[in-house]
Amino acid sequence: MNVFSRAAPKKGENFELRADLNSEYRDKRKDAIKKVIANMTVGKDVSGLFPDVLKNMQTEDIEQKKLVYLYLINYAKTQPDLVILAVNTFVKDSDDHNPLIRALAIRTMGCIRVEKIIDYIAGPLQKSLHDENPYVRKTAALCVAKLYDLKPELVLENGFLEQLHEMISDSNPMVVANTITALADIHTSATSQPSTSSSDPAVFTVTPTILNKLLIALNECSEWGRVAILSALARYEAQDEKESEHICERVVPQFQHVNGSVVLGAVRVIMIHMRKVKREDFNKQLIRKMAPPLVTLLSSPPEVQWIALRNINLLLQKRSDILSNEMRVFFCKYNDPLYVKVEKLDIMVRLANEHNVDALLSELKEYASEVDVDFVRRSIKAIGQAAVKIEAGAERCVNVLLDLIATRVSYVVQEAVVVMKDIFRRYPMTYEGVIPTLCANLEELDEPEAKASLIWIIGEYANKIDNADELLNIFVETFTEESYSVQLQTLTAVVKLFLFKPDTSQGLVQRILNTATKDCDSPDVRDRAYIYWRLLSTDPGAAKSVVLAHRPPISLPRTTVAPALLNELIGEVSSLASVYQKPAATFIGQGRVGAEAMQRRGADLADSAKTALQTVAAGQASENLLDFDDEPAAEQPTGLAATQVLQQPAAKNLLSGTSTNPLDDLVSIFGSSSLSPSVPLAAPAGGAAALDPFHGFGGVVSPISPAAPAQPASASNQQEDLLGLF
Amino acid sequence: MAIDGLIVLDSANARPIVQTSFRSFPPAYPLLHINAYSSAVAKAVRPEDVDPVLLVTLPDEPTACCHLQHRSLTFLCPISGDLDPLYAFTFIRTFLNILIEYFGEVTAPVLRDNFDIVHQLLEETLDAGGHPLTTAPNALRDIVLPPSLISKILSVTGVTGPSGPSTNNLSAFSSPIPWRKAGLRYNHNDIYFDIVETLDAVVNKNGTIITSSVLGKVDVNCKLSGTPDLLLTLTNSHTISEPSFHPCVRLNRFAQSKALSFVPPDGRFTLMEYRFDPSASKPGAAPALTAAAAAQLQVQVPFTLRASLSITDHGGAFELSFTPRAGALEDVAVELYLGSGATGATCTCRKWWQRVDVRARAAHAALVPRALRLRNPRCHPFRLRAGYGARRCGARSRAGMRTRAPRARRRYRSRCLQGALLSALKIDQLKLSGETYKPYKGVRGRALGRVEWRVEWKGG
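Chain order of the listed sequences is Z and H. Quick note: the first sequence uses this note's numbering, first residue 1, plus one each step. Quick note: the second sequence uses this note's numbering, first residue 727, plus one each step.
For reference, chain Z alone in the conformation it holds in the complex (with noise of 0.2 Å):
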């Protein structure tokens, strides 16, 4: 009923309007078009109007002339044909000897994306670029980066990029500052079309001169003029050392700079350069100037902050020294969003240490008090993490950790317990005192992490614990009701439990070998009880050599991303790039482009991933298998964080090359192989997607899973290690 009772109005309204548009009074036809403007954007369709509003656009008032001129740009691209009347008044206005409507009747001009309109500007834009105000020179520079995007060939034409490159050295910093983002603007739209040569005039490459001329606008433009200014400086190539430290040196004054993005830009622009110095105490003094501007950013709103932390996390990564002394500064606030506190527990484990263990403990108990889930959780993690990175530190951790379970809380007691079973992966055979503590809060635990944790402690210390067989008993018990990962922990537990004393636990694994083949519907399961099954019954004394054998130490990853990557993403930093700490490419446009090159950048990775695997087809001692782990798994715990911020599929389907999930690939492999006696026949097959740092474990999220990458090393007498997987 509604729909025509208040469509007859409307089209009374539009009536209305062009009856007034066409008044004779001033006041009401300006009245009328800002009510026409009101109309469009609520997105009510005024385009019938064109005729009339255009009829107004010859006035002296100025704001009226901006009404109309916002509404051909507006609706120029569906009339096309009636625009062209209104060519006469801008190129009469581009002529006004207002600076203000001159400027005006460029901007307009360059916005209107009519082709028919376009033949029209050159003119008017010639004198524009060098008219002597400099509002509009600097428009009119900015319109030939428009009119770029629009039509190349004649902006090549009337030779308006060699006008812009004169103008980089106009008497006015702002003009050379829009001039800089104009050129970059054409750069950037002529490389992304494939056919661009580097000889391209499009092409924009800093020289000397034109660096001098730049340095010294820098100072006296805009923030927004600095910040273009700063990303063509980043993309300078400096001729020598020299060179680098002098435009370090002048970059400097901008950390002093009150805009965030000021600061950031200038952070990047001296990481870049930093690069060719050589003189140690120089890039120190730098780093030592970097710190403050960026703790300050942390006292700005939390968006913000959360970039800033996201930009320090990258360059923690890379100068570990940035902030050494101001974990304290990191402290999070309660009334911080998550988002904030998340980055800030990370950058304040990566800042512990030895000195600041104390510290961060007591805050990290703190924390672990407080009433928001997901970040208590995240801060028990943190404790982990610091335990397992700072060996000294890692008694405290534990005696922390013991005091939040004591608590009964029942999430803290659970990841509590999931925290303990990575610290006793780290330090094996150190806390065992710890273990009835554990165990007495056996039946608080109801998610399946927290439970198959401490079964695998359970497992792994079953010689130790008296009451080790009762405790399993009890999961065995509720075999076919508990999730997947509990009873693949239940069952390597058991089994182990048996090589420790087989004696008393002979029923127990018999029977969960019984449930676990018959009953249980997972696959993966079935399989590892299988082959259980035939090792303990071919071969116990090998049985226990592949279940019982020593597992390399996890560590905690000094970065979160290859080391290639890292260095591509300092240079980018500030940018959206190091914000989801990605290669931009992945993200923005050109995204198959960019999968090329992430590989290529990922070959020396690969390279070092193939010796490996040479080594293994070579046929050598498992010994050897477990130092290899030390050296490229130092270097390279690595691709998994390059997808740990955004699960973007796309990204990871470009990490993780063919296959969709990694992670099944590593498993199926490994789980075939186990069961034919020598790996390194099998390994070569498959293997090389799974050892190759950027297909194996694109999928591998969790921060705490360091111990991943090393896990392929062992496989070969360690199998029922990688079935299991966390």
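Just so you know, these hints were derived from the structure itself, not from any lab. Heads up, some of the hints might be wrong.
Heads up, simulated EDC-like pairs for lysine to aspartate or glutamate below, C-alpha to C-alpha not over 16 Å straight-line [what the hints assert, rightly or not]:
#1 LYS28(Z) - ASP45(Z)
#2 LYS276(Z) - GLU243(Z)
#3 LYS333(Z) - GLU1061(H)
#4 LYS333(Z) - GLU395(Z)
#5 LYS34(Z) - ASP20(Z)
#6 LYS333(Z) - ASP926(H)
#7 LYS34(Z) - ASP839(H)
#8 LYS365(Z) - ASP321(Z)
#9 LYS278(Z) - GLU241(Z)
#10 LYS949(H) - ASP992(H)
#11 LYS931(H) - GLU370(Z)
#12 LYS333(Z) - GLU1178(H)
#13 LYS1167(H) - ASP920(H)
#14 LYS289(Z) - GLU326(Z)
#15 LYS333(Z) - ASP839(H)
#16 LYS44(Z) - ASP81(Z)
#17 LYS365(Z) - GLU1182(H)
#18 LYS35(Z) - ASP992(H)
#19 LYS35(Z) - ASP52(Z)
#20 LYS333(Z) - GLU774(H)
#21 LYS276(Z) - ASP240(Z)
#22 LYS127(Z) - ASP96(Z)
#23 LYS276(Z) - GLU568(Z)
#24 LYS55(Z) - ASP27(Z)
Chain Z is already provided as a structure; the job is to place chain H on it using the hints.
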């Protein structure tokens, strides 16, 4: 490689109020971003926990959406290409400040009423290619007329006023200094300095400061004729560290002599922000200590807080005693988050707590006793006793239903205001050159405290 545009949303219904025209994009582009934002908010437990930069994947080109909340408005800023998201955020902030400067209160109805001005501002501040243009409020005022009483009266009465800025804007942008227009005239030449220091501290349950920082800000309101060149010298300038300046300040000059030399913009602006470094005031202090590490040893929190809480089956009660250390506290507010499920609170308090706000909703309950202007200069503790009800929240688990009372946060957040500066920074001298008149100078300083006080609940 730039900001794609700006969308201002009404947070209440997630509908756009004003947006740039996204000329070079498909028509659905802004809608996709609005949609991405609203679905992210819908997914989040608390709207403020949504990541500030959302990745919006379009069929051919993924882009990102930066968003920022200001009261009932949401500003969305889609960006594509490898741009610094901070660039987008600073632009949004700048634009927001311009709006505040123009309209005072910025709300959805205000923007709707002044859409023509907002539109013009958008056109002037953001180029269609995505580059911010004129963002200095001074320069903008020349191009876009702010709404004024006179123009309103004129439009109502129908009298045609002087035809806007076109009469006197021949001089616009001819000034060589981007932040100051040429040819200003004032009858009284005044300049006011407002120094505000903010203490941000976290105090643990023993009353020792865990971390604290003092940030200072010098706001200036400048009404000076012509093109004055000012030289400002500070006493105690050695106590400030990590300063950041308005672009008008000559950085090299400050590096040499710690004096601020600048040609001020017209009107209000922030001249300088700094961090107070108390270790610098002590001669012979180890310079290796960084500012933040040193500050925590020195700055005193201007009050102490003692609190206790007991939780019963159906709620809880807490007691609070607040002792100002210095007598000059002016405005105090204490806030406690009682946990989700807390339903209502009642207070009994002595007369000094002049106003007690109790805000209680099902999801969030905070108790805010607020004393306006504590009149008692001596250091008496102020006591407050309160009780609240609580709904028990249950969690289903294998062992059966478990219920527990909502957990009150073990932190008080408090704000207070103090009339004296923490850093004892003073303006020593203001020299003016380039003009002949003698300006009137005014300086005011105050300190704001934002302290998070951790407490331990017994049995909580």
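Going through the hints against the structure:
1. LYS28(Z) - ASP45(Z): Violated. LYS28(Z) to ASP45(Z) sits at ~21 Å, over the 16 Å cutoff.
2. LYS276(Z) - GLU243(Z): holds, 9 Å
3. LYS333(Z) - GLU1061(H): holds, 14 Å
4. LYS333(Z) - GLU395(Z): Status violated; Cα separation ~27 Å.
5. LYS34(Z) - ASP20(Z): Holds. LYS34(Z) to ASP20(Z) sits at ~11 Å (cutoff 16 Å).
6. LYS333(Z) - ASP926(H): holds, 10 Å
7. LYS34(Z) - ASP839(H): holds, 11 Å
8. LYS365(Z) - ASP321(Z): Outside the cut-off at roughly 26 Å; violated.
9. LYS278(Z) - GLU241(Z): Roughly 7 Å between the alpha carbons, so the hint for LYS278(Z) and GLU241(Z) holds.
10. LYS949(H) - ASP992(H): holds, 6 Å
11. LYS931(H) - GLU370(Z): Holds, at roughly 14 Å.
12. LYS333(Z) - GLU1178(H): Holds: LYS333(Z) and GLU1178(H) sit about 8 Å apart, inside 16 Å.
13. LYS1167(H) - ASP920(H): Between LYS1167(H) and ASP920(H) the Cα gap is close to 11 Å, so the pair holds against 16 Å.
14. LYS289(Z) - GLU326(Z): Given that 16 Å is the threshold and the Cα spacing comes to 13 Å, the pair holds.
15. LYS333(Z) - ASP839(H): violated, 39 Å
16. LYS44(Z) - ASP81(Z): Answer violated: LYS44(Z) to ASP81(Z) is near 22 Å, above 16 Å.
17. LYS365(Z) - GLU1182(H): Roughly 13 Å separates the two Cα atoms, so the pair holds.
18. LYS35(Z) - ASP992(H): Violated - the C-alpha atoms of ASP992(H) and LYS35(Z) are around 34 Å apart, more than 16 Å.
19. LYS35(Z) - ASP52(Z): holds, 13 Å
20. LYS333(Z) - GLU774(H): holds, 15 Å
21. LYS276(Z) - ASP240(Z): holds, 8 Å
22. LYS127(Z) - ASP96(Z): holds, 12 Å
23. LYS276(Z) - GLU568(Z): holds, 15 Å
24. LYS55(Z) - ASP27(Z): Holds, at roughly 15 Å.
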